[in-house]
Amino acid sequence: MGGTFYGVLMNILKVLAQRLSYALALLIAVLVLNFTMINLAPGDVVDTIAADMGGASAELMEQIHTEYGLDKPIIVQLGNYVWRVLQFDLGHSYFYNRPVTEMIFERLPATLLLVFSAQIFALILGILLGVFAAIRPNGILSHIVTLFALFGYAAPVFWTGILLLIAFSLNIPLFPVAGMRDVTIDGGFFPQALSVAHHLVLPMLSLGSIFIALYSRLCRASMLEVLGSDYIRTAKAKGLSPRDVTLKHGLKNALPPVVTLAGLQFSAVISGAVLVESVFSWPGLGQLALTSILARDTPTILGILFFSALVVIIGNLLTDLALRLIDPRIRKST
Amino acid sequence: MPLLSVEDLRVELATRGGMVPVVDALSMHVEPGETLSIVGESGSGKSMTALAIMGLLPRIGHIAKGRIIFEGQDLTQMEDSALRDIRGNQIGMIFQEPMTSLNPVYTVGEQIAEVLRRHQGLSQTDAWSRAVELLDAVHIPNSRRRAATYPHEMSGGQRQRVMIAMALACQPKILIADEPTTALDVTVQAEIFDLMRELSREMQTATILITHDMGVVAEMADRIVVMLKGEKVDGGRVHDLLQNPQHSYTKSLIASVPHLTSETLDTTPRTDEHDIPLLRVRDLTVQFPVKKGFGKREMFTAVNGISFDIAKGKTLALVGESGSGKTTAALAVARLVDAQSGEITLDGTDVLALEGEALRRARAKVQVIFQDPYSSLNPRLRAGAIVSEPLDNLGTYPVADRPARVAELFKQVGLKPDQMNLFPHQFSGGQRQRIGIARALATNPSLIICDEAVSALDVIIQAQILDLLKDLQRDLDLTYLFISHDLGVVQQMCDDIAVMYMGDIVEHGTRNAVFADPKQDYTRRLLAAVPSIERAQYKLSLDQPA
Numbered sequence: 001m002g003g004t005f006y007g008v009l010m011n012i013l014k015v016l017a018q019r020l021s022y023a024l025a026l027l028i029a030v031l032v033l034n035f036t037m038i039n040l041a042p043g044d045v046v047d048t049i050a051a052d053m054g055g056a057s058a059e060l061m062e063q064i065h066t067e068y069g070l071d072k073p074i075i076v077q078l079g080n081y082v083w084r085v086l087q088f089d090l091g092h093s094y095f096y097n098r099p100v101t102e103m104i105f106e107r108l109p110a111t112l113l114l115v116f117s118a119q120i121f122a123l124i125l126g127i128l129l130g131v132f133a134a135i136r137p138n139g140i141l142s143h144i145v146t147l148f149a150l151f152g153y154a155a156p157v158f159w160t161g162i163l164l165l166i167a168f169s170l171n172i173p174l175f176p177v178a179g180m181r182d183v184t185i186d187g188g189f190f191p192q193a194l195s196v197a198h199h200l201v202l203p204m205l206s207l208g209s210i211f212i213a214l215y216s217r218l219c220r221a222s223m224l225e226v227l228g229s230d231y232i233r234t235a236k237a238k239g240l241s242p243r244d245v246t247l248k249h250g251l252k253n254a255l256p257p258v259v260t261l262a263g264l265q266f267s268a269v270i271s272g273a274v275l276v277e278s279v280f281s282w283p284g285l286g287q288l289a290l291t292s293i294l295a296r297d298t299p300t301i302l303g304i305l306f307f308s309a310l311v312v313i314i315g316n317l318l319t320d321l322a323l324r325l326i327d328p329r330i331r332k333s334t
Numbered sequence: 001m002p003l004l005s006v007e008d009l010r011v012e013l014a015t016r017g018g019m020v021p022v023v024d025a026l027s028m029h030v031e032p033g034e035t036l037s038i039v040g041e042s043g044s045g046k047s048m049t050a051l052a053i054m055g056l057l058p059r060i061g062h063i064a065k066g067r068i069i070f071e072g073q074d075l076t077q078m079e080d081s082a083l084r085d086i087r088g089n090q091i092g093m094i095f096q097e098p099m100t101s102l103n104p105v106y107t108v109g110e111q112i113a114e115v116l117r118r119h120q121g122l123s124q125t126d127a128w129s130r131a132v133e134l135l136d137a138v139h140i141p142n143s144r145r146r147a148a149t150y151p152h153e154m155s156g157g158q159r160q161r162v163m164i165a166m167a168l169a170c171q172p173k174i175l176i177a178d179e180p181t182t183a184l185d186v187t188v189q190a191e192i193f194d195l196m197r198e199l200s201r202e203m204q205t206a207t208i209l210i211t212h213d214m215g216v217v218a219e220m221a222d223r224i225v226v227m228l229k230g231e232k233v234d235g236g237r238v239h240d241l242l243q244n245p246q247h248s249y250t251k252s253l254i255a256s257v258p259h260l261t262s263e264t265l266d267t268t269p270r271t272d273e274h275d276i277p278l279l280r281v282r283d284l285t286v287q288f289p290v291k292k293g294f295g296k297r298e299m300f301t302a303v304n305g306i307s308f309d310i311a312k313g314k315t316l317a318l319v320g321e322s323g324s325g326k327t328t329a330a331l332a333v334a335r336l337v338d339a340q341s342g343e344i345t346l347d348g349t350d351v352l353a354l355e356g357e358a359l360r361r362a363r364a365k366v367q368v369i370f371q372d373p374y375s376s377l378n379p380r381l382r383a384g385a386i387v388s389e390p391l392d393n394l395g396t397y398p399v400a401d402r403p404a405r406v407a408e409l410f411k412q413v414g415l416k417p418d419q420m421n422l423f424p425h426q427f428s429g430g431q432r433q434r435i436g437i438a439r440a441l442a443t444n445p446s447l448i449i450c451d452e453a454v455s456a457l458d459v460i461i462q463a464q465i466l467d468l469l470k471d472l473q474r475d476l477d478l479t480y481l482f483i484s485h486d487l488g489v490v491q492q493m494c495d496d497i498a499v500m501y502m503g504d505i506v507e508h509g510t511r512n513a514v515f516a517d518p519k520q521d522y523t524r525r526l527l528a529a530v531p532s533i534e535r536a537q538y539k540l541s542l543d544q545p546a
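Chains A and B are the protein sequences, given in the same order.
Using our numbering, count along the first sequence one by one with no gaps and you end on 334.
Using our numbering, count along the second sequence one by one with no gaps and you end on 546.
Pulled out of the complex, with its shape left as it was, chain B reads as follows:
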């Protein structure tokens, strides 16, 4: 008998237009100790399924049909108080955002101890010492001292470890992990997955892992359910499904996983006509003052004397984890943060010497595409006004020609000119990013900085936006400074790569050289941490007797 089975589940959300199904006719089951992965893009209903199992659907949602059987009991029919005895006890859950999922005003020790007091009836002191043991189990160093710290004193990876300790405190039979590593750096992701594997094996906990990344599925899961628009479109053992996907959507998901091996790289040399560097950066250093105690100030070096060139029409990727200084370096190039020292030359102009009106006019030449298409567009402005704003601000473009220019930009980024009168919230995430790109193109810049420009998008939309960026580069001879933590994306986009680590460029070379033959340990670690289907299959073949 399966541990948990979902039968013909239908979840509806109440919207202005009436009841909208977000999960429909979903059946699946989880066996004791196994890892089942639910895969799909945002809005596919995978998180709603998890919340339905937990009985934590939002106020506007309800289960319209179907059963959720856990150890012989139908959770959908259960009293809320009985359900609370199961939640956090028999079924634990961890969430996507470790930064906001912990309560900021209680110590992490208290937040773990609370679960133990609630479900195991431990005393205050027993629960606390067990919480310390659990922090040990999730490999938080100095667990005794760290138990008394607050979430804001920990890094994202550590917070997710605390969440795991909390979810596993009562040794649940099932752990539901909803995109547990999406907000984390790739090397931290690998550590968190190692930890989840280790603990679920130890405690014989079954895992429901919700993700959008087929690479993660390949490395973590035994079985898989693929969801699209609320329905299950594919499913089965991961090994079989990867070999033989049935649904076209599954195929495109598998295709979107990066293949970080030299054989799969496109090695055709790109046009080498213009080799004059458009952007030349030398010994760029950026420091920030940090307050250390009362009245004491110290300088934090975010970027430590880095140098690089980008030739016209080419793309350089700045790669690194959060805090590596890659965004700061790019913002210094755009003169959005001040550099302490160094030289930046763009098209023969000394960028750091620009001031006042000259600087304002020069901003037309460097434009930025930002990460979050939801928060980087002013919600009160119409799409046309957003794209036209750089032209208005610059003032040099003839007023009468602006509407035509905006319409042309809309066409260039694959939007319809009659969408100019809509507001940002009326567009999808991918469309909004197209608006962001149109805005960046408006002033005919010579350099475009893409700051994690596709990180917030679903994999398939991501591929479309990357294609758009590549087409625009070819047609308009654009130069990109491409900032990303995602090596798969970088591999598709760039000509050269600079790997940043703690403010330094530790490795710099052509794409093929860096991917095929990384010189530095750190680069190797970064590459090894990217979940990959081939590696998972290779490992699997080692486990199976010949």
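Only chain A is shown next, with the shape it has when bound in the complex:
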């Protein structure tokens, strides 16, 4: 296999087919696991309904149990659940009294927007900082990156979020601190999108901050190693400009570890999003997850877990493909 466009494309299609079949198996495993774990926890939705009604008789609770199919053996419940999910039916929320799929699709775009923008923002800024820090390993910027990385690791994401919230609501009212769009804005797609982008800034910053720290630190280390390698000396011996040596020959080789880490961190970004959404009242899955956990709304929780798993799997798939685009040696090893 060579470096032709066709060769690369075929390789990627092949890998895609292979990975998709893994992904399906993984999803089913996630379903079973989620269902089992939720059912191991004491109490169910009937308790919550009863509590909401201010108490209920044993007969009534029995009746609700039968109504929701909760009286059947657990293995039958699991079988039914998996079968329905495979038909894209995530069930009905007892608590919201709405189809779970409908609720999730309503909120999924907001979460996807937050997760992907935070991830991309963190990657771009992290890589830039890492590269600049690596060019002068003993320079001021390098020390700042190291310090910032330490801070980013240490600070919990909700704390960063609350700090930003306080700062921007009280002192510098540049960015909105709650919600996803300004309801007073009418008009076409463009002003709406602008409003969403405006609201996105703070959640994205606070969610991205930990990961910028992580990526810049790793990128710095990876660049430092790459810049010391023989092929960088070759590139210099060719008379290439410092920019070409660093970016074209250096960065492309330094990227794989950073991209791999970004893929592994997808799940961390999603769980971080739950907190950030609560802090900034971002109408995404995170908020929904929080309320449905408190309400023991099993179908909704399972649905959210399922979609989170889906996002993580897609994220890892993208990582895998990105690595293949970057490094021909990985393409060879399938």
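Please keep in mind that the hints were generated in silico from the structure rather than gathered at the bench.
Just so we're clear, the structure is a prediction, and the values are computed from it rather than from any experiment.
It is possible that some hints are incorrect.
Cross-link-like lysine to aspartate or glutamate pairs, in silico, EDC-like; alpha carbons within 16 Å at most [said to hold, decoys possible]:
id, chain 1, residue 1, chain 2, residue 2
1, B, K65, B, E110
2, A, K252, A, E225
3, A, K248, B, E110
4, A, K248, A, D230
5, A, K14, A, D320
6, A, K252, B, E110
Guided by the hints, dock chain B onto chain A, whose structure is given.
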């Protein structure tokens, strides 16, 4: 006027102990079209000189004094951007490690085309087709298709050809080659040198060839500069210098070149008291599974039914190029890789039948000395602990006697017992290899496998370690299975030779028989590829009119 002249050059490196000169008071010059060789051992400053000329000194290094004049301009005073216009354009460079000197994520065609776009302003497509032509010029078959492949899809020799194509792409006036063949097999080395000669003649490029091998110098260079500890100790026309070396260091360098002729061989028979084979190998086959596409598996035969004996107290050399199976065969004897079939008998024991605890105890009888003294010693362990470890692992040697045994081993390999408390990085390469030898001796093995045990060492250190191995063999009645690609080393060490090629032993005999009268074509080619002073002088005498 010389093309390049270096005047009173001093290069310093910043270390914890302050500025340390690595090149000092060096003057030399290169005439258009000629080949100048800089010779010296590692740390002599020869590579630093090359990097100083290129303006590529490491961050911690700088030129403290002196001038480097190239076509009337002083390179040391030049702006970096002006220097970049010369680098890769007027002065090209190739490096020692073809495996790591090419960028793994770009095709070789792109890496050559890049130079042409940078210096000759060629368009994307023109640069690519010129790159294909250059691959043709360095004799890469199927150049059009191969231009689109990545470095990891090529062999070491091919990668070095790509490096040459890249360095010569802009027809530079000077090509600097820093140990270009040290990492390559001897027959590949000969091909690369042929290619360099051919192209530099065609393009009238002057060459600065950096090497540690006087045989290479004799075959390649017009003039020579000998460096020792950063300073030039000898220099002149190669022909004169070989006849009449001035400095004792030059003399020892010349003496270290192997003389592969029967007259120079030491033919005194060695003691023949014990002729019972200590190691007996019959029909040894080693195969590895290789993945071929999705789910398909194939067996690769690394060692293909070979047989040999080694008598007690003797040395058998397994000779061959990389990939010939020599190391695999030896590792199978040590039970470090699994053999598919065959028989191995050591001192009457069926080695392949050993299992579990019996195998573990039997490991004491076969020990290995590895190639790289830098990576084969655990950097976190003290030297004494490294040598004592086989005794600790085996557990049969009395604990109280171990320190004394380690001290004795240190003395045997020429180290001081009080060096036991130092860490590996505090030793030189030669000393580290002595630690490796002490470790191998610790369990009183009956067979020692030397896997390219001196290949990573400088020629003069190499000679010292070989002497040590020979002394130990005589004193302790050791038996060696000696793996090497270096026929010069083999000639000094062994009693018998087995030449391996693609998993088979193609020639097997006593040292004198193989060197003086090789039966196989492959052996002859291997011998002919070794650079030799006599042959170079013989060729020279043919060129000169009587």
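Evaluation of the provided hints:
1. B:K65 - B:E110: The given pair, whose Cα atoms are some 38 Å apart, is violated under the 16 Å limit.
2. A:K252 - A:E225: holds (13 Å)
3. A:K248 - B:E110: holds (12 Å)
4. A:K248 - A:D230: holds (15 Å)
5. A:K14 - A:D320: holds (12 Å)
6. A:K252 - B:E110: This hinted pair holds, its Cα atoms lying about 14 Å apart.
Going down the numbered hints, you'll see the structure goes against just number 1.
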